[in-house]
Each structure stands twice: as C-alpha cells, then as structure tokens.
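J.: In case you want the letters, here they are:
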Amino acid sequence: MSLAWLSKLTVAAGLVALPATGWAQSVNISYLTHWSPETVALLEAAAKDFSKQNPDVAITVRAVPFGDLLTTLRSQGGSSDGPTIGGIYDLWLPELAKDKLVAPAPEAVAGEVKSAWPAGVVSAASVGGTLYGIPNEIDVYALNYNKELFKAAGISAPPRTWAEFKDAAAKLTDKDKGQQGFGMINSWAAGVVHPFASLLVSNGGNLVKDGKPALDSSQAGETFALYEDLIKSGASNPAMATADANTTGPFLDNFVSGKTGMIIMANWWESALKTGMGDKFANVATAPIPVGPSGDKPHSISYSWMTVVNAKAGAAEQKAAWQFLAWLNSPKSGRNGASAMSDILMSMGILPSRTSDIEAHKDKLGSEFLSGYVSVLADARPFPVVLGGQEFSESLQQTLEALQYGQVSAKDAQANAEADATSILERAAK
Amino acid sequence: MAKAFRASAGIMLAPAVTLIGVFVLVPMLLTVWLSFQDWSTQTPFSEANFVGLGNFQEIFGATSVGRDFKAALFNTAIYTALSVILILPLSVVLGLMVYQRDVAGGTALRTVLFSTYMVPMIAVALVWSKLYSPSEGPFNQLLGLIGISPQPWLSSPRSALVSIVLLNVWQQVGYFTVLAIAGLTQIPGSLYEAATLDGANRREQFRFITLPLLRRTLLFSAVIAIINAVQVFEPVALITQGGPVGSTNVLTYHIRRVGIERAQGGLGSAMAVMLMLSLIVCVSALFAFVNRKDSE
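First to last, the sequence lines map onto chains A and B.
Mapping the first sequence onto this note's numbering, position 47 (from 1) lands on 47, and the numbers just tick up by one.
Mapping the second sequence onto this note's numbering, position 292 (from 1) lands on 292, and the numbers just tick up by one.
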C-alpha cells in the first residue's frame, strides 16, 4: 500500500471515529422525584457513578413535595424540556399513558422487567399489556402501635380482630393526657383512603370489583360504621389527624410524641419515625391489620411506584434515560448483588420489588419493624389502578373526612361514596 | 388634521393594544371558548369537543364535581368577605395611628407594618403552620396561660378557613395601611381646624370628615383586597391542601386540581369563567354602590 493510500485511509478512519469521540454530543437528562434531600443525595451519588461509566450522559435530580409531584409532571411533562424521568405512583399511570405523557419501555427493558419482577408488580406498571415504567418500590399497610402505651394501658398483644381493636383503642384513649387510641389521617388522599381500604379488605370487602365501585357492600358498611364508632367514642380525634403537603404534620407529630396509640400506615414511614422518635423508635411495633367480622384473615392494601420516561423528550434523552434506569435497577449498580435503587429505597425503609433485591436485602428486611410488613405482603390486595383512580381516591377522602368530623353518618357516607365513585369511574371510562 | 391626529394616535397605541390583546384578551377568550369544550389539558386544542353548556351543568350539578365546585365557590366567598371586612377597618385604624404626627416612632411602625407584606409566602406558611400547631403551637400555649383551652385552628373544618384568613390579614394589612395613609394625606388639614373651631370632637371629625373623604381610597383598597382574596392559593397549597373536609378548598386551588392534576381542562375553564364572572359582578356592584353614595 502506497503512502498516499495509507494517509487517505487514516483520514477516513479519523472522520469515522470523530462522531464517537470529539463530536460526541453530551446528553442532559433530569430526574423528578418527591424524595427528601438525604435520599436525593443518594440518587445523585448513583447518577454520578453512572456518569463515570457514561461520560456523555449528565443527570440532574429535582425534588418537589409529594403534593406537587403529579401537577409538576402534568404541567412540565408535556414538553421536551420537562423532566426526562419521573417517579410515579401506579394509580397515576393509566391517565398519564392515556394522555401520552409517558413512553412505553423499549423491548429490551420490558423483557428484563418481566423476567426479574413479580407478575403483579409488572402488571401495575403496565397499561393494556404495554409496560411503561420500571417498578421500584412496593408499599404495604400494617398496624403500627406504641409498645410503651400498650404496656401502660395493660394490653398484652396487638389486636387481631375489630372487637379487640376497638377495645384497645378505648383503653389507649386518655383525654386528660391528650392521648388518642387510634390515629386517623386527614388532608392527604392516600393517607385517608389506604388505611380505610386496608380495614375494608380485612373485612372481606373491596373498593372496586370488576372495574366497578363496590362501596355499597355490607362489608363496606361495617367499615364505615367502625370509623363512626371510633370517632363517636372519642378513641380517634380528627383534630390530631392533619397532614401537610409533605405528608407530615400533626398526625405524625402525635404518633412520634406518644400521643397516638395505634395507626395504620405504610412501611415507607420508617425513616420519618426514626427521624422523629430517635431512640424511642424501638417502642414502635408492627402487626397485621385487624380482621373484621366479615373477613377471613388479615389483608392490607399495597401499591407500587415506578420510574417512567417522558414521551415528549428527544430520542437521545429517552435512550439515555432508559439506559440509566436499567442500570440503576440492575444488580450491577448496588452493593452485594442489590441494585442501587434498592439501596436508596432501603435507606427509607421502603421495600424494593425486584426479586433479586428482596434476596439481597434479606437481612434488613428481617428487622423488627420491616418484617411485619414483609409478612403481610403475600396477602395484600393491590389498590385498584383504574382510569379516574386519583379523583375517586380524592372523593372518598372527602367522604371519610366528613365522617371523621361528624358531618355525615356512616350510612350516608357509604351512600355518598358509592354514588360519587360510580359517577367518577363512569365519566373517566368514557 | 383630525384624521392625521387619529392615525398617529392609532400608531402610537398599537403596540400597547396589541400586547394587551395577545397576552390578556386572547387567553381570556380562549378560557371562555374552552369552557364549552370537553378537553384534556394534555392534548392539543384541535382535539377539544364542543359540549355546549355541559361543563356548566356539571359544575352546578349534584355529582361530586358540582358539590366540590359549589363548596369551593362558597369557601372563596367567605374567605374574601372575611378578609375585606377585617383588612379595611384595620388598615384605617392603623393608618390613623401611624399618621398622627405627634406619635413617636411613626415611621418605624409604618416600616414594621409594611414589612409583613414583603415576607415571602413560603416563609409565612412555614412559621404559621407551626404557630397553629394544636399540641405544640405557641398560639395554644399563649391561650393556655390565660385559661383558654387549646383551639384546633387548622385541624378543624370549623376554624381552618378562618385561620387562613387571619394569616392573610396579618400579611396584607400593612400594604392596605400604606394605602390608607396615602388617602389621609389627601385630606386638607384646614378641614380639621375648621371642625375643631366649630366644636367637633375627634369622633365627629372622623365620622364627618375622614371617612367620607377616604371613600375613594377605601374603594380602591376594597377592589384590590377582593382581587387578592379571590386569588388566594399559596397558603392553601402550602399548609392545608384544601382540607380538612374541603373546608379550605378555595376556587384557585380547586381549579388547579381539576384542570392540571386531573387534566380536565374544559371543566377547569368553566370554573375559571365562573370565578371571573363572580369577580366582575362583585367589583361592579361595589362601584355602583359607591357611585350611588356619591350622587346622594
């Protein structure tokens, strides 16, 4: 080969290589979450690790309060400059997918998710058989109680039935000390609805059955009546139940300061309890949801969260986002065979949903607090993911709060809840 | 000559009129048009379907949509009325106190009063949500010192809206005090001197000189206070999220929930149109009332 040819080939090879080296465009992607600053710092550290291996991808993390998350996704997700990745609650997925705000997962990602996550979790991240997000956390409800208050009230074991539950709530109530037996929540839709739904399914009922509201059942009637009894007897005080936009507020303050004996809450509350209680966190124990008169065994409500990709983002941004999410949720990114995402979730007391992550975190999931949640997971019923689900949830919240404040009777609350749910779900399905 | 003048006036006015048209009138007309459509905020306008008065029927209907809207409209009306009723007299009283030249530290007091208006709402919300805390809040601790039992403040549907009103009054009263002082400076001192010579006492001077001559200032303050109150959003979004039992769910917050969170753009627009109409009716009625008094 002549020198002239050699030099031509060198120039050609250089030109071919240029786009991959000197001309490589850096891709900027953003991740929207509602996590606390401490957790955001962990996510930023993971993003930095990913960028070390993929220097052409820069990731920024942005956090908003939980109460603003859906609005931010709705108002900014419709543009290519909006967040590339968003952490969402499974109840929001059907409408975000209907409005084409979230992109279907690429085949390779969908295949990996379907093989590595439990089928129920995969279905919550799918609409019409198409997978839209990589599931990360799973949350389940259980009874949290203060062992010290139980001891002081002479209660030896957590209540297993509604009769025992009402009895314990009455014993734990001490108006002179400003102490309530059972803490309800208000001003936060999921915080109001999920504990009620957990009691309902433990009484053999359902919120929605075959896509239609099932709040007119006798089991639902008994659950509304249970709330009415707890309020009327003074065992639950709605004035101690308010939540703020960050899902904290007086209801949390009252439990951590030992003024609430029992509450039905999800596992992710662990970090808030530890922060609020310090050493006194050891007083908190977990038990299954008490079983109602029409129920067979303890059940609770579960729901999942997932990360989705903005369908309006550019092709390069979407590709980088899926690449980052696949890495973040893979066993390669975390410690001891766990994913980096599961390490972040476990720092908050949140159960990861990938099968290999549950195995990798077996030790921590066996802690006194979390084992109570892991044990009820098998019999948990997923919160119904339907079109109009968020509006349905907010409407039921209003009804339950009206019941808490004595504005309606249990019977009227049941009738209102069923009528509202029917009209909301019918309109959403159109 | 007149023609040339009109043409040049038209040319001079065109930029401002175009800007107002594009940024004020077009969005308003668009909102009115959308209020007659079934439209998701996540889809292009071309996908909107005409539904006539359907959205208005729904927001005034018996379903949860109608019930929530009517409750939010009622809450907004109560919030606005209470805010105006408390802010206007307070601003006049504080204005009179600060305007007295013989009171030492008047300027400092004026600065302190106005400073609350400059504090960002996020800081106000953070502090006031703790002040109102039922168990550890300083308000209840102070009430306890004088033997009054703890109040639920934001935790009860009976007191939550009033608690938000008090927060609003605290923040806005300084601004309206400055307006009242501006009005007081316009009243000639000679009128008071003449009234004093005629034997009028302070109360009579206030009733027959100050108040009538402050009418225009108070009208302006009332209009601004109504507009500010109707647009209340931040304290509700930051502190109560419309609860408990929807007792602080005011219209702007509700429209945001319906129009943005649920993406029901047609329904949200119909609610916004009703809010706009209510505001126009209120302000027009106020002007008509004051004009009638003036004619009398």
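Worth flagging that the hints you see were computed from the coordinates, not collected in a lab.
Check before you lean on any hint, since a few could be wrong.
Said to hold, decoys possible - So the derived list for chain A, only partly shown, Cβ under 7 Å to chain B, looks like this:
| id | residue |
| --- | --- |
| 1 | 67 |
| 2 | 70 |
| 3 | 239 |
Said to hold, decoys possible - Computed far set for chain B versus chain A, every beta-carbon distance over 10 Å:
| id | residue |
| --- | --- |
| 4 | 3 |
| 5 | 6 |
| 6 | 40 |
| 7 | 65 |
| 8 | 94 |
| 9 | 245 |
| 10 | 292 |
On a predicted model such as this, the values are computed, not experimentally measured, just so you know.
From the three backbone atoms N, C-alpha and C, an ideal C-beta is built for every residue, glycine too.
J.: Determine for every hint whether it applies to the structure shown.
T.: Results of checking the hints against the structure:
Hint on residue 67 of chain A holds. Least Cβ distance to chain B is approximately 6 Å, under the 7 Å limit. For residue 70 of chain A, the interface hint holds, the least distance from its beta-carbon to any beta-carbon of chain B being 5 Å, beneath 7 Å. Annotation: interface hint on residue 239 of chain A holds; nearest CB of chain B at approximately 4 Å, less than 7 Å. At the 10 Å boundary, the C-beta of residue 3 of chain B stays outside the reach of chain A, the nearest C-beta of that chain being 48 Å off.
At the 10 Å boundary, the C-beta of residue 6 of chain B stays outside the reach of chain A, the nearest C-beta of that chain being 44 Å off. Some Cβ of chain A comes within 10 Å of the Cβ of residue 40 of chain B; the nearest lies about 6 Å off, and the non-interface call is violated. At roughly 8 Å from the closest C-beta of chain A, the C-beta of residue 65 of chain B falls inside 10 Å, breaking its exclusion from the interface. Every CB of chain A lies more than 10 Å from the CB of residue 94 of chain B, the least distance being 31 Å, so the non-interface label holds.
A Cβ of chain A approaches the Cβ of residue 245 of chain B within 10 Å, the least distance being about 4 Å, so the stated non-interface status is violated. At roughly 41 Å, the least C-beta separation between residue 292 of chain B and chain A is larger than 10 Å, which holds for a residue marked as non-interface.
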